[in-house]
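Residue 76 in numbering that gives the first Met the number 0 sits at position 77 of the sequence shown, and the numbers go up by one each step.
These aren't lab readings, by the way, just hints derived from the structure by calculation.
Because the structure is a prediction, the values reported are computed rather than measured.
Beta carbons are placed, not taken as given, at the ideal position from N, Cα and C, and that holds for glycine.
You may find that some hints are simply not true.
Unchecked claim - So the derived label-pair ranges between C-beta atoms look like this: (1) H97 with S66: 30 to 40 Å; (2) H97 with P64: 29 to 39 Å; (3) T61 with H97: 29 to 39 Å; (4) G69 with L96: 31 to 41 Å.
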Amino acid sequence: MPTVTVQPEGVVVELRAGETVLEGLHRAGYAYRTGCRRGGCGICKVDLVAGDVEYHKTVADTVLPASERGSGTCLTCRAVPAGDVCITLRNDRLRALHPLLAFRPSSTPAGGTGTEPAGPAGAHLAGGTGTHLAGVTGTHPAGGTGSEN
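Taking the hints into account, I'd like the entire structure generated from these sequences.
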């Protein structure tokens with residue numbers, strides 16, 4: 000399955016087959032500035048830093064002209080990664096939809112057994128913080144995959 004990495008946060012999310020960048024990030028519990036979610040407004044444009052995307056549904060040239068596509072602009076509500084991609088948000092930051100549920104320390108809390116569920120798939124925020132993010136998969140910069148807990 001392809002992954003999307005969001006910089007500078009370093010969040011890595013595994014996408015399902017045929018899933019758009021926006022759908023995958025939202026499913027994993029993340030949000031950023033979006034509009035119509037159907038390719039008509041262009042509010043969800045991001046910079047495609049690495050990788051390639053495909054558009055399985057029509058995108059109007061008035062929303063995403065060929066010149067912008069050629070320079071690495073991506074419309075996340077329509078873009079389906081052809082493989083692993085890396086994006087940078089424009090004038091926004093990635094936010095957890097439910098911050099109290101999304102973050103969990105990597106160490107076992109006092110009184111815990113270490114067998115408590117980490118949420119769906121457990122994941123990491125880049126930068127070596129050891130913070131797990133529910134619904135996201137990836138490799139921690141310090142090594143490991145999150146399955147160690």
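Hint by hint, work out which the structure violates, then give me just those numbers in ascending order. none
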